[in-house]
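Visitor: Since the structure of chain A is provided, determine the placement of chains B, C and D on it from the hints.
Protein chains in written order, with the numbering used here: chain A, 583 to 721; chain B, 3 to 1113; chain C, -11 to 276; chain D, 13 to 344.
Quick caveat, the hints were computed from the structure, so don't treat them as lab data. Check the hints yourself; a few may be wrong.
Here are the computed lysine-lysine pairs in the DSSO-like style, where the Cα-Cα straight-line distance is at most 30 angstroms [as the list claims (entries may be wrong)]:
1) Lys987/B / Lys901/B
2) Lys190/D / Lys19/D
3) Lys112/C / Lys682/A
4) Lys257/D / Lys682/A
5) Lys276/C / Lys697/A
6) Lys268/C / Lys978/B
Fair warning: this is a prediction, and the values are worked out from it, not measured in the lab.
The residues making up each chain are set out below.
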Amino acid sequence: MKSEYQPKVIGFLCNWCSYAGADMAGTSRMRYPQNIRIIRVPCSGRVDPLFVVKCFQRGADGVLVSGCHPGDCHYTEGNYHTRRRFALLREFLDYLGIAKERMRVEWVSASEGQKFADLLSDFTAELAGLGPRSKILDG
Amino acid sequence: MARIGVFLCHCGSNIAGAVNIPEVAEAARRLPQVVHVEDNKFTCSDPGQAAIQQAITEHQLNRVVIGACSPRMHEATFRRTVTGAGLNPYLLEIANLREHCSWVHPDQVEEATAKAIDLVRKAVARVAWQEPLTPKHVGITRRALVIGGGIAGIQASLDIADAGYEVILVEREPSIGGHMAQLDKTFPTLDCSACILTPKMTMVGQHANIKLMSYSEVEDVSGYIGNFRVKIKNKSRYIDMSKCTSCSECVKVCPVELNSEFDENLGKRKATYIPFPQAIPNKYTIDKRGYPPCRVACPAGVNAQGYIALISQGKFKEALEVLRRTMPFAGVCGRVCTHPCEQDCERGQVDQPIAIRTLKRFMADYELKTGREKAAPVEMTKEEKVAIAGSGPAGLACAYDLVRQGYPVTVFESAPEVGGLLRYGIPEYRLPKEVLNNEINYIQELGVEIKTNTPVKNLTEIFDEGYKAIFLGTGAGVSQKMGIPGENIPGVLHSLDFLRQVNFGVKVSLGSKVAVIGGGNAAVDAARIAQRLGAKEINVVYRRSRAEMPAIPSEIEEMEREGIKIQFLAAPVKVLSKDNRVIGIQCIRMELGEPDASGRRRPVPIKGSEFTIDVDNVIMAVGQGVDKATLPEDLDYTNWGTLCVDPVTLQTNIDGVFAGGDVVSDPADVIAAITAGKEAAISMDRYLRGIDMEEGRPETVKRVEEVSKAGVISKARQSMPTLGVGKRKGFDEVELGFDEKTAVEEAKRCLNCAICSECRECEKVCEPEAIDHEMQDEISEEDVGAIVVATGAGPLDHTQFSIYGGGVHPDVVSTLQIERMMNAAGPTGGEVVRPSNGAHPKEVVFISCVGSRDERTGTGYCNKVCCMVMAKQAIMLKEHAPDTHSYIIYVDARGPGGKIFEDFLTRAEKEGTTYMRGQIDSVAKQDGRLLISGQDFLSNETFNIPADLVVLATGLMPNEDAARLFQTLHISYDAKNFLLQAHPKLRPVETAMDGIFIAGCAVAPTDVPESVTQGGAAAEYVLKLFSQESIEAEPMTSIVDIARCTGCLLCQQVCPFQAVEAETLRDGRTVASINESLCKGCGICVAACRPGAIKLRGFSDQQILAEVMAL
Amino acid sequence: MDKELIQQIRDKARNLLEEGTVEGVIGYERASDGVTSRPLFVYNPSDTERLIYDETCAHNLVKYLLDKKGKKMAVVVKPCDSRAINLLLNEGQIERDNVFIIGVGCPGMVETNWNHKSETLQAKCRTCQLSKPVVYDFLAGGEIERQAEEETYSDITEEEAKSVATRRGFWLEQFGHCIRCYACRQVCPGCYCPVCFAERLDPLWLGIRIAPEENDMWQTIRSFHLAGRCIGCNECERVCPVGIPLSLLNRKLEKDVKELFAFQAGLDPEEKPPFATFKKEEVMEFEK
Amino acid sequence: MNLFASKDDLIRWIGELLKEHIVIAPVQVQEQTLFQPISKAEEVVFDFNNTTLSPKGWFLPPTETLFSVQKDDGKVELVPTQVERDAVIFGLHPCDARGIALMDKPFLEEPSDTLYRERRNRTALIGLACRQAQPECFCTSMGSAPDDPSNVDILLTEVEDGYIVQVVTEKGKTLLPKGLAEYKGKVPAPPELKAVPTREVISAMRELFNDPYWEQVADRCLHCNICAYVCPTCYCFDMRDYADKGKVERVRSWESCQSPGFSLTAGGYDPRTTKGERLRQRFYHKLFYFPEQFQDVACVGCGRCVRDCPVNIDIREVISNLQQVTEAKSGS
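If we strip away everything but chain A, and leave its shape as in the complex, we get (with noise of 0.2 angstroms):
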């Protein structure tokens, strides 16, 4: 079990609807896997793609942006922002060869802690599948 590689997840999560969706996946005692570590942002909008490069930088496997669903952003607009904004990212990580499959961007909302859940499970098993990404070294 503790041989088996781990990848390390960078989490942007709103303090409204995403963040209060991982509370409420814990609240209702859902598993998922250890790896993300959390950070806290008023809204999804406030997450500068310098602090995504940034963890991929520091060694990130996988990072996890999510706010609320599109229409539902606690400031009306911030998650469209964040749509285009890490919408081209993505892309543009991607061509540099952090593959794109490292970088999610998420709409989870507050009621939706099975859908966060879900998605971390989702998610680490699949930067599993692409295996270590040692410091900027591999894609």
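Guide: Using the frame of chain A, we list chains B, C and D on its own:
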């Protein structure tokens, strides 16, 4: 240098059970700037909090990290704790070791511990960068908005208002009361619902502190706790509430009847209505849904639904009045109109469109038959005289509209008789002169002066005579020639001349063989006249095929029935003659090639396919043109020889001269000419009053969005009686029109698409003159400090559950329908009956959990109230008729709410209700009754119960458009549109949005007492807010570092709250500046700012980066 | 050299200076190698005779307007460079009234090195569709009919077709050459932050290492900060002393921005750039 | 005594050197020639114009860790970076060799820079005389020459069918392979170079510090760091401590006076904010301050900055402009 204290909470075994706390503590001790670490069984407990405060003092901590539950849980608690020890509340960071760690990784101690260490390290790194923040204080508008006037909203409103604060209660229906008002009795006490609800409703209506805005909807909400600004749309009732006396006179005359929503479609109501007798406010509402499709389709905007509704009530004269509000030609258009209205008629989607044209004609026929009182002349209120050239449909329509506005109108007609093309272009068998004359007389009686034999040649002269505006509607009166050899031989006639001669009684002699060239109405008319003049063998030669033929299809049909042949795909090449007499016509066969500019396929001659038809006469009906010679000079013409006008105003190149009809458009139909006349009348009125002629034109009208066709029983359109072919010798009219009975029958088929038909009969009877059909929706803005959302939920439509016979068998009903039937004021006067035949039902089967506890058909969870509702109704059915036997087929029978609820279920069973736990397989019709088959889970046997009535207890769901409102309010809701609470246990009436509270069924299905409790609780939160002097606003807002700002203002473009302004510095540089009271702290601008000039306090780049670096 | 065109530029520059319309004129002059050209700032009417224009005048002079904020300047602007004017106007960096644009048609610039010019057109010129600047006050020499190839981004799609690992290897090698001289940034008209993220101390996004792991982030963010803003003058690639194919980065973003948001930078000074706006109904790949 | 080595001899010799040394030599990477450690002799290119970067990077690498700090259970340990092996720089041109000699002045003057000194002591230089000059070359005006042997341990000069091997130092002698024959032929004459007047300009610079010339010439300067990074004598650097989860490293990287933030002080004051001030600093350092301190001009005339400057700021032109400015001043 920060002195950070780390406090690790065991949370009993919630965290400590999965995380090795000593190990985490040991790791924390080694972190930079950490000077103190301790752990505690329950940090949130008093001793736990005291320990933190003590440590802060003892170790001179200036930052605190607490590893515990989610910050969403206790951040506020711990902020108070550190404040108690003199620390700024924001110098605190919580590592979420419970929801994000121990609870989700319960049996991976090693991994969970490693993760917990990471989370603590991350929190330490972050808090080191945290600066002390001071909340701002903002004022509170002590005024509340309650959305939803059901029992929860009523309770909330009353509680707030009684405490002395103003409340705005917004209800989208015409009355408050919600679903509770529909109930007959309430469980488990069997109180009369109305008896306990209506006093509360009345109190709302009369409370000095409550501003009731019924029939209103919240459009937009901006602002924040204590300071919301709300936009409310007050939907137009078309009845002035301040004048309405609720006398119900309008209801008596309203011709439109529809299913009553309040009575769950079991009863009827009128387009003007009060939902139920005790409604608050007790004022009428006219239900208008826009323009009906027929009215939208009519170029002239004739309100067909209006007159059809009145015809259906036998009010024929009044019906004609409706038509005459738009135009004067009921008899004419009722005969010759191309009726685009019928194409768009919604009834056509059920079976066939309403015979709108024939109904229109019927009104004119009825008037002719019963005699018309002379019309009273219009009072000439305007001084400006208006001249109209041409007395065809365009000119007369224009004159009609202008004279009714009080303009003195003179019509100049060059011909000896009035009517233009209506008179000389349409044969008598289609439009009897008597009909036309009646309508022209009517126009003249109103005060229009008509001068015949007076052509207009010189516009200056007309102006000199004192006319201030001129309309030219002189038509297109010249026949076009074909340009083939032999066209000028006597015996070759042109259709217009031919029709004109016949219509003016000039004798025209024809041979026995006639060819008519063309495929339009003029060709068909000419052929049929030729036959009536004695021609024996008539051939219509048309160069395209039947599909392209522009004449009215019914006319073509009648023509063929009269024995006239059509040569399709043939064109004349030359007229053959002998001794200057026509002997035949040579034609060539055509085939259809590529579509031309008009979209019709262009006919192409087939070489060598010439053929000859022997004829004595040829009638050319290939088109008409404008006769320039008859028109004044100095007007601009198009390349096609028609007049040039502005497409919107219809003004020509000369100021004050307007034109419309065939003279502009080239030959079109009558309704197009009428439309042109009406449009010109609008322009001329505006021209004369000096108003902008183009503003708001062309007018856009709101077509009704959806027309319900549920329950409409198919019924064929009444057919038009015609004169037998054998009797068609002279010029007798061929179509005979409807009699009164047929007309009423036909009119009753109308679906009343727009609900209110705008027949305006109500205006006539409303003594206080409260009715205003032109009333507009009003938007008002209100400032409030708190909002209670109690928008409720409604039962799923039982007719969608066809597996239980819903929507299939009329005797499968919903619980609310039973409720209405039981109600003495309900549609059946308190008798529960079988809708199919009105009989008393003896066996009744209730089916529970329809669309609840069933993800496939509705919601996955329990609807909470149905078990009690079914028990109540079973008891009541027995009470109403002791011979009734009820079955309740349940999944689980529940009595939540305490002993009396459970007792109530027992009582139902004791009083003879058969409870069966099971599942329904089918509901089928058998011998006029219903057979309910299924499985009994307790006996493991199948059952077959014959019943008279099946009642479906359907799940409750929020209204479809609730999500839009919730989005406007920025409050969270789930996939089924139920609202989410700030915390499902501890903050049940709060939302994540401060200052917005929730109550009632909008949150989850609740019964009446629970809704009342929640309404009261929400009010209590509002009052708690209002009792504060001011509110602390989140200090986590953004700030601009002007040294780094480039002034690109991308931040301004992305800010959803208009919080960014451009500011010019003394050195001339433009930079962004953030208005803190508008900033909500989302940080969208921060992420957009490339130069890193914006800092979000509490979520700075340093802080988040420190977290990334710590992982 | 088109003598007539050059004379028009000189006359216009002289006029503008003599009439006091502008304080200075930014144009081109012959470089010290006698072959290539270099930017020239003219403040004195007599110096206008030094102005030249030919196929070696690759420099995008618009960048210099940022140094001369608040001053009235005239600038010689090629069609591609003119998009930078629109970019800077859109982002409020220059005032239209302060800039007099001497537009020049462009036959395409050739590849040059110190003391050497080739016959080969620069790659960006081969697909340039602009016959004249998108914005100008005076057009010297008139429009030039160009027979441009269609921009197919074939080099980009070729890269895209390779495996992620191959691309990673390629870029790591390229970024390995980077010496962080920041010439790409300094020459770029879109790079004007008072303190570049790469040199910011609060927060410390990036260290000072001239090494692949930091060069990588430097180039990633540099290009991404130009997403939807790069106007394709390709000056960054031209000035790179170690030959990193930066156009492959910028044009990849240009292509994606075009495809995802239907936007091209610098064509319209009023149009909202892709990160300033959004469409509620749009659906991105990760949502499908 | 000059020896002779055929091309094959050289290849064998490099092979020998590789056994005990790191050999840094010019190699072709895509379109550029760079000094890089080689793994086999065949990689070396002999016929090249000045490399993209000078070989100064061996002694002052673009980035290096000076030392790291380990913190464990309260104990703090400082671990300096070690120079592991001896090295040979093979094939450097005389101008680059002079660049190293000039760098020695500030770095080896006491207190000397430990890492630089270590590397310098353990590195031998085998130079290669230039048979051709490029238009940008002006080494003869800057105290060197295409065939200057003074700053290398061994100098190679290409002749018809091989190379003259001129042993300059004792250290050079130890590197020699066995069996090279004596070279008796003619030593070819070095290429001629155009002179740039230096001395007279430098003496006049004291008066030119506030001359508007600097702002004018800086108008077109982009303030990139190309000139400094390709220069064999520019040695400015920045240092920063990297701390990551308890581990600390002190890192030194190249930096340049042309960088906008170069002279920014902690208090926020920047003595050189304008483009002219920054550009002036570069020329004053090279032509005035360095000679004041160390007697020599800090330029070797390799021509790299001339070649690579994107906006053609040509040091030779600057020098002659300064001369004109001075003349104009004295004339008035």
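Visitor: Decide, hint by hint, whether the structure agrees.
Guide: Results of checking the hints against the structure:
no.	hint	in the structure
1	Lys987/B / Lys901/B	holds, 23 angstroms
2	Lys190/D / Lys19/D	holds, 15 angstroms
3	Lys112/C / Lys682/A	holds, 28 angstroms
4	Lys257/D / Lys682/A	holds, 28 angstroms
5	Lys276/C / Lys697/A	holds, 16 angstroms
6	Lys268/C / Lys978/B	holds, 21 angstroms
No hint from the list above goes unmet by this structure.
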